[in-house]
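A.B. asks: Residue strings, one per chain:
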Amino acid sequence: MADPASVGSGSLSASGTRSGSGKTTTSPAENYYLARRRTLQVVVSSLLTECGFESAEKAAVESLTEMIQSYISEVGRSAKSYCEHTARSTPTLSDVVVTLIEMGFNVDTLPTYAKRSQRMVITAPPVTNSPVVPKALAAGQKRVHPPYIPSHLPDFPDPHTYIKTPTFREPVSDYQVLREKAASQRRDVERALTRFMAKTGETQSLFKDDITAFPLIAARPSSIPYLNALLPSELELQTLEETDSSEQDDQTDNENAPSNTVTDEAGADKENSVLPPGGVVPAVKPSEETVIDNPYLRPVKKPKVRRKK
Amino acid sequence: MNRKKDKGFESPRPYKLTHQVVCINNINFQRKSVIGYVELTIFPTVVNLNRIKLSSKQCRIYRVRVNDLEAPFIYNDPTLEVCHHESKQRNLNYFSSAYTAAVGAVDPDAGNGELCIKVPSELWKQGDEMKVLKVYIEFSLDQPKGGLHFVVPDIEGNMAERGAHVFSFGYQNSTRFWFPCVDSYSELCTWKLEFTVDASMVAVSCGDLVETVYTHDMRKKTFHYVLPIPTAAPNISLAVGPFEILVDPYMHEVTHFCLPQLLPLLKHTMSYLHEIFEFYEEILTCRYPYSCFKTVFVDEAYVQVSSYASMSIFSTNLLHSAMIIDQTPVTRRCLAQALSQQFFGCFISRMSWSDEWVLKGISGYIYGLYLKKTFGVNEYRHWIKEELDKIVEYELKTGGVLLHPAFCGGKEKDNPTPHLHFSIKHPHTLSWEYYKMFQCKAHLVMRLIENRISMEFMLQVFNKLLSLASTASSQKYQSHMWSQMLLSTSGFLKSISNVSGKDIGPLIKQWVDQSGVVKFFGSFAFNRKRNVLELEIRQDYTSSGTQKYVGPIKVTVQELDGSFNHTLQIEENSLKHDIPCHSKSRRNKKKKIPLMNGEEVDMDLSAMDADSPLLWIRIDPDMSILRKVEFEQADFMWQYQLRYERDVVAQEEAISALEKFPTPASRLALTDILEQEQCFYKVRMQACFCLAKIANSMMSTWTGPPAMKSLFTRMFCCKSCPNIVKTNNFINFQSYFLQKTMPVAMALLRDMQNLCPKEVLNFILDLIKYNDNRKNKFSDNYYRAELIDALTNSLTPAINISNEVRTVDNLNSDVRLILEEITRFLNMEKLLPSYRNTITVSCLRAIRMLQKNGHIPSDPSLFKSYAQYGHFVDVRVAALEAVVDYTRVDRSSEELQWLLDMVQNDPSHYVRHKILSMLGKNPPFTKASESSLCNEALVDQLWKLMNSGTSHDWRLRCDAVNFYYTLFGLTRPSCLPLPELGLVLNLKEKKAVLNPTIKPEAGGIGGVGALDLCANGGIHTPISGFPSSLEEEHLPMEPPPNGVAPAPHGLKRKAETPLGSPPEPVQFTAQEEEDIDMDTVHDSQAFIYHHLNMLERPSTPGKEPPLVEQTLLSMPATPLPAFIKEPSASKHGEHHHRHHHHDHKKKKKKHKHKHKHKHKHESKDKDKDKDRERERDRDRDAHAFTSSPASGRSLRSPSLSD
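These protein sequence lines map, in sequence, to chains S and U.
36 is the number of the first residue of the first sequence in the numbering used here; add one for each residue after it.
6 is the number of the first residue of the second sequence in the numbering used here; add one for each residue after it.
There could be a bad hint or two in this list.
Just some of the chain S residues that point at chain U, by a computed CB distance under 8 Å [stated by the list, open to error]:
{"hint": "1", "residue": "157"}
{"hint": "2", "residue": "158"}
{"hint": "3", "residue": "227"}
{"hint": "4", "residue": "231"}
{"hint": "5", "residue": "233"}
{"hint": "6", "residue": "263"}
Note that these hints are calculated values from the structure, not bench results.
Keep in mind the model is a prediction, meaning the values are calculated, not measured.
Built from N, CA and C at the ideal position, the CB exists for glycine as well.
Just need the whole structure built from these sequences, with the hints factored in.
C.D. replies: Structure representation (structure tokens):
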């Protein structure tokens, strides 16, 4: 029984677990719970005194406290259920009564018990600030109920939760403005992009006094300059794709071709990639039946094997 | 006169080539080297064939065998260094004649060659039987500077992944640069070609690919080609690379090759070729002569199109996708050109250089027919006019292009073109521009012949030539048949007269045998009383480049009652011609006016002269004379001509005439043409520029918006918002071209302050701003590029107080806007490059213009960075053009030096050529002007460049000569110190005296004669026949020429005596005296001097020959491997020279001694052998050479002792 308090408080609540062991309890919520519990202990103690006990073990008191707390909690919880069951939010006396009955308590005995003589008056628990529940963010003016809604019904929620706000303006359909916008947008994007590129990379300048004035992205030689200059850019390819997709397919087909290795027969030579699939015949005999008979498409012959080696 | 020998072809060689094998075993891309052998099968045509001359340049020859017997050979190329090293003479006349002589000395057309092989005596003793000789030559090429071009991109991966490729190139007959051959268009033979290349590569060459076989290690494969049609060596080519292969979908025997990744472009570009094939086969009624055709697209091409037997090599930059408009016609024209040359040029070859015009003419002519069929009559006539204008302008400027030079006896003095600074005797001495104009004139003359004999006959002639040739080609070797495949001027003319029965002699005499064009001045008066048109046609035939024309001329007169043709006779003294008019003036106003083409139109006749029925007059409307016409008629007549004449040529003439009449009526006529949709688009484009000029002249009275603005708005801008251009849709090409051109022309408008009107500038800026290509099927890169050009055109000189520095702050606000746009465009191009980088090109031009007009500081560094190797070639050329311009404007010697360095070192031959030709067109200074740039060092540098630095590229050498001519003229450059006059004068006298002495000696024992000569006049002419020439090179060292008697020759040279350079007259003498064996003269000279010029030696860059040779001054031009491999530090060359003069002294005696002893080769002294032993040790391959008699004799040095 080294530390019964901690055991008892363990079942109380999650927050209680922490408070039980530590001396310094800082959180106001914990203080609140502790205060309540202390009051309950006082109640238990006074009831015991009333019943004629002169002293009690601390552990016993704790157990009893726990029991009473559980009981009261259960009463509250059930009462709330009953009240909500009848579509109300605040429990009434009858809810509590029904609850008590349900829990097997003889309610009729209660008034007599309350009026007994040897009753001890217990001081109210010290007033502690109940934990501050952060207020829900209220946006805008809450609407008041219109006359046909009874006032007891809950208030309207915040307007933002149900009011529709239009998020776009009427689309501009004027051709001139559209073109104007498209043009300036593109120009802005281009300018921003090129400025960015110029800022992040090497630049050349037209002026000696102010090298930042008209920055030019530095010219960089490439190893195969004709590729960039001749092949359509990706942007252009997109439009090309729209018009003619078949050509694109061909392109990808043939791009793979040169990567074939030539050491074995399967990849005998890349020219075969143009051949219809049936056309590739093992390199020994050239196929005459192929649709296109072009010497560059014929497979490469193997050298004649010489006996010497 | 070639035309006189009608008998057929007479070979200048004592043998006939029948078959040649070319086998290239190894191509190393890393080292850029090639190893192989050739085997020529020849039939001697003389009894004792003891030496064989072949063409070969820069090849390193390892061994020569004739019928399996080692044969000695001499390799000697006088064109390596044209004028010898010490020569202080720097005048171009001297160079030109020396160069012509050098080229002539090795000219295969004259039976000469660089490589002279001595047939082993065993063989020529039994020569009576005329046995077949097989000449086997092993050779290699190391980093060739000409002939073969390696493109090896510097990136990761193996050669195939890097897109490395190699291809042959050259100007005219240049095959000798990459294998030994008879490099003449007139020596035909059949071919067997074998190329072993990496398995990832494809070797494309002439003829049929018989088979492809792997080598034993399976890492390489050998391509076997056979060309059964007799073909001249210059028409043989090769391209090796990791090409993508496309079999033409329409013609399976046609195969196309392009570099990796470009296949889609190739597919599109080639989708059209079969139509060209069909066209030519149809008009020529002759099948394509070869059994297959191959097109290869390569990078860094020498020229855009080059045709070889059954294959053509194109620049890869001709490839384009379906989105590109502007490149399409250009590329198709190139394809058509290549194909026309397949028939005439490759299949039918020329007999001699003076017959070149026939082949160029015919191929150009049928190409023109193709243009007419494909692009329409308008385009064709426009093209003819353009070509005619070009040739007229060129001839008037430079003084005449001669198509068929007749070299009677080859005397230099009878130079048919004294106005030129180069000789037209050989193709390799021509300036490139001249050659282009030559081709242009050739096809124009063919057209004149067509006019004379009708197209039908013309095509019959071609057909006849082709059928004769095909019959001949299918024959087995029969010397007389094969010559049918050679075309000569006389043969061609004979065919014409046979087929048509017409005599075109006068026409040929006028345009082919004579140079020059005709210049007419016309004016007229209308005689109302007689109702006669009095036409006066005068000629200018005295100024340079003109000739007198006598004969018929057609004049077309458009009258009120119709159009009438008159043929007038131009005679000696008649200037005036009376032409009766058909109509009375102004009878019936309402009547429609019939035009030439039968059309009848309503005209507003209010503008015309009430007394005259003449609407307009045209002289020679069909361009049937090569002429320039300056005709005077009233402005309203030009306007009528522009509006109502349906011939595009007439319209274009009217437009250029109207420039001189800035009136509202002209403006109206031009505007009407611009709006007329039926009008040919090129006429409309021209009208734009004319309108801009007129508007500028009418500035003060101009009303309304700037010219063309409202027109452009109406045609291309949105209806609802006229300041915004429609989104691009280029589906109608005519309006596309107009849309491109109009802003460019508008930007030329100027206001009273001579500035581009603000309105116009804003208009162009708006076009750029609102340009939207998203919905367009075509790329707008050319359009955008032209908008930048428009911005460039709008620039005017900055108003600047004194020479203050251009800074950002004092930038004009308009210029700031322009600069913004240019900057943005140029930067965007880095992220999204346009086709052929057209936008970068335009931007660079714009920036240069901004610099030139003083808006931004003039600075070449930007252009220099864009000019670096590794940018797209168009960009490089544009950047270089800017640097060239900067060099001229700022007189910067630094930039000039930079450019000249690039000429020497740039990997791309085209760029080198382009730099020199741009420098020639926009020279930093000229012979007429003084400049600080003009100094002795520059003269020397350029001299060296053309003398020896460009020996590997004929075209480049001629470019260098041109540039030199532009800068310094024909005579001594003014910046040089005065020459020693005495010596120059001596020259001619000497020659007169000396020549008779020389002649008798020329054949054999040259030693004595030369000795005498030297003693006589300080002339060291090394005359020699073949065997003795081995020693001749020592002769010049012997007699000290200028009286400094016993001083050794070598010392004298180094000492640079103020007396100038006595050896020079020798060359002069030698060249002028035709009877001297030219080649040997040059041989020896080259031997003597070339060693001082080691850096220019093509086959062994960076290596110096061993000291021994320097001492002896007798190194053959093409190195024997044993010598080359001798390690020697090249940097010490100068030092060694000095060092060895002493040796000279010692050895001299010895040499002299030897000469007197009849030059026995067999008496090689032991020292020499020892020497060679040493070399053998160093060179593991050497045994083959050292032990062979070939090496012994070809060393050519009687003594190697040191």
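A.B. asks: Compare the structure with the hints numbered earlier in the document and write down the numbers of the violated ones, lowest to highest.
C.D. replies: Violated: hints 1, 2, 3 and 4.
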